[in-house]
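Peer 1: Based on the sequences and whatever the hints tell you, model everything.
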Amino acid sequence: MNRIFQTKPYLAGLLISLLVLCIDQWSKFVIVYDVMMRPHVIEVTSFFNIVMAWNRGVSFGMFGWDSSVKVYVLTAMAFGAAIGLTIWMVRENRIRFALPCGAIIGGALGNGIDRLHWGAVADFLDFHMAGYHWPAFNVADIGITCGATFLILDSLFSKADSSKTDECE
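If you're matching positions, the sequence shown starts at 0 in numbering that gives the first Met the number 0 and goes up one per residue.
Keep in mind that the hints were calculated from the coordinates and are not lab data. One or more hints might be untrue.
Think about it this way: if two alpha-carbon atoms lie no more than 25 Å apart in a straight line, the pair counts; the simulated SDA-like pairs of lysine to any residue are [stated by the list, open to error]: (1) Lys7 <-> Leu152; (2) Lys69 <-> Met51; (3) Lys7 <-> Arg93.
Peer 2: What follows is the structure, given as structure tokens:
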């Protein structure tokens, strides 16, 4: 199995995308249809709650206005991004690129499925501390954020690595 991922790293990325997508959809199913049948706040710790929030926009609720067309536009953008990243991931053929791309793809698909199913994204993880309150989010958002962060770090360190190689030549 390890040899397959070495020769075709995009398969590891696809596996990660499937994992993120499945965990995201399972967690939302449990929250929406079981835990939050009667919406309420579940205080898990002094800084973390489980809540039910419907995000009709994008990050931090931006573009949250009501429009039937907006749901389809945002869904098409999510699926388009997933397709584009999948193509890029296959062409790039590097494990350090494939894994974070897979996380982003899984997250984009998870939130896109929510929009098609409910017309909004189900958010339920709610963090707050010392007067600061982060908007509620979900597992798909974690995949997107972690994937984007690792892609940025890879980009920074890949450039540093290639400049060292250039200096040695």
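Peer 1: None of the hints should be skipped; say for each whether it holds.
Peer 2: Each hint tested on the structure:
{"no.": "1", "hint": "Lys7 <-> Leu152", "verdict": "holds (22 Å)"}
{"no.": "2", "hint": "Lys69 <-> Met51", "verdict": "holds (21 Å)"}
{"no.": "3", "hint": "Lys7 <-> Arg93", "verdict": "holds (8 Å)"}
Hint compliance for this structure: no hint is broken.
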